[in-house]
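Protein sequence lines correspond, in order, to chains A and B. If you use full-length UniProt numbering, the first sequence closes out at 249, no skipped numbers anywhere. If you use full-length UniProt numbering, the second sequence closes out at 249, no skipped numbers anywhere.
Please note that a few of the clues may not be correct.
Identical chains blur together in the list; that is why a pair holds if it fits in one copy or across any two.
Claimed, not checked - Here are the simulated DSS-like pairs of lysine-lysine, each with C-alpha atoms no more than 30 Å apart in a straight line:
1. 54 <-> 20
2. 243 <-> 173
3. 52 <-> 191
4. 191 <-> 243
No lab work stands behind these hints, which were simulated from the structure alone. These figures come from a predicted structure and were not determined experimentally.
Number of protein chains: 2
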Amino acid sequence: MNNVIDTVLDHRSIRHFEDKLLTDEQIKTIISCAQSAATSSFIQAYSIIGIKNKEKKKKLAELVGNQEYVEKNGHFFVFCADLYRHTVIGENEQKDVIASIESTEKFMVALIDASLAAQNAAIAAESMGLGICYIGGIRNNLEEVKKLLKTPERVIPLFGMAVGYPKLRTDKKPRLPFEHVYHEDEYQQNKEVYVQQLQEYDKLISSYYEQRTSGRRKDRWTEQMANMLEKQNRMYMKEFIEKNKMNLN
Amino acid sequence: MNNVIDTVLDHRSIRHFEDKLLTDEQIKTIISCAQSAATSSFIQAYSIIGIKNKEKKKKLAELVGNQEYVEKNGHFFVFCADLYRHTVIGENEQKDVIASIESTEKFMVALIDASLAAQNAAIAAESMGLGICYIGGIRNNLEEVKKLLKTPERVIPLFGMAVGYPKLRTDKKPRLPFEHVYHEDEYQQNKEVYVQQLQEYDKLISSYYEQRTSGRRKDRWTEQMANMLEKQNRMYMKEFIEKNKMNLN
Chain A
1 MNNVIDTVLD HRSIRHFEDK LLTDEQIKTI ISCAQSAATS SFIQAYSIIG
51 IKNKEKKKKL AELVGNQEYV EKNGHFFVFC ADLYRHTVIG ENEQKDVIAS
101 IESTEKFMVA LIDASLAAQN AAIAAESMGL GICYIGGIRN NLEEVKKLLK
151 TPERVIPLFG MAVGYPKLRT DKKPRLPFEH VYHEDEYQQN KEVYVQQLQE
201 YDKLISSYYE QRTSGRRKDR WTEQMANMLE KQNRMYMKEF IEKNKMNLN
Chain B
1 MNNVIDTVLD HRSIRHFEDK LLTDEQIKTI ISCAQSAATS SFIQAYSIIG
51 IKNKEKKKKL AELVGNQEYV EKNGHFFVFC ADLYRHTVIG ENEQKDVIAS
101 IESTEKFMVA LIDASLAAQN AAIAAESMGL GICYIGGIRN NLEEVKKLLK
151 TPERVIPLFG MAVGYPKLRT DKKPRLPFEH VYHEDEYQQN KEVYVQQLQE
201 YDKLISSYYE QRTSGRRKDR WTEQMANMLE KQNRMYMKEF IEKNKMNLN
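Can you build the whole structure from these sequences, using the hints too?
Below you can see the structure in the form of structure tokens.
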């Protein structure tokens, strides 16, 4: 164990921040760290938009479903998959890159690239004593978010990240059992064992909630997941991505 | 600056490893760190397969295109998007989760989740003095990779990660200019400025190669990208993912 690992293991989402903005230097360090992440074949297929403008932050908070911490934080980042850059490059280099850019493969590459960068940013921020929260809610209304952030075609805002000085630290929720997530040599498909692991985890999560709510809540994880997935959410996504000329072929 | 940030900034891909395996404890720490990453609505939509079996490693190295470091390393991880787990949950909880699971939105969620976890694993490994290299090459032949790793439907191997004790340290390639990747308040679409930034970066990359190859190589980044994207690569991906019942609607 070392203090990098301590930082990584100590992660929890922070949703209440002090009224104190990040400095430009802090922002620059966070972005440098993001950019240090590995990138598939050096493609660097992402962009990051930092929101300073108060009105814009307020509007964004509304768009994600009135999440106060999108407005009230030290800084708000939006991580975008970006293949617009490579479209411009194709034009300038006079090479036909469009079939590649519109492929599901490159859509995946851009998503992975942006996510690796984001997690580096998260860890850098946390190492500076800041808290972070990923905001998937920006995908609730991407049409409006894109208008607000003026992102061109082939730039998809994937998630936000609120960063700031933590006011209220939450607990860390226990994760799935090691044996359930980590497989040796091949995926373990013994369904009996698989389901048993989920049941054990259900007990753990259930008692986690029970303890923290004086018995008011004791939902199981699989119950939570089934309820969440039963609701169809952001089903416009396929059409939206295709309209932005990605994930097409 | 602190030593977490130092670790993050010091990343480079390592492709030559000492002949020394990771201990089970090291593997466990790396996986714990991976699992500590944020996960969208607590969905935990990924799995990690660690390859110990020598024959399997060898076969995998062949499948990715004879990359020696896939076979010769301290350990090899495969990060997978995993919505099989949630399919099983839907069955057991008797909820209809299939439309959600087959959506582009949840495909994106699984990719993002897996990537955040992977980057945590990478940083944890690097903080332990190990080197890492992401291997996108496992997507060259996913049908065969899936057979080898026995992954069920709705589990997509996304990338591998070779981890081990570094034998040869490579240089760190300069990234795109800060101003080109980081936008304030909105995406900067002034094309003249945009292209100018790319040209400046081209000069930087060109001289980076020139210095390191005694003038033999001086390719520009935009040239590299255009050449790479002109070749259509892994164009079977859309069909493959759909056959695995993800990214469908």
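Tested hints:
no., hint, in the structure
1, 54 <-> 20, "within (13 Å within a copy, 53 Å between copies)"
2, 243 <-> 173, "neither (37 Å within a copy, 34 Å between copies)"
3, 52 <-> 191, "between (50 Å within a copy, 23 Å between copies)"
4, 191 <-> 243, "between (40 Å within a copy, 22 Å between copies)"
The structure is inconsistent with hint 2 alone, although it conforms to all the rest.
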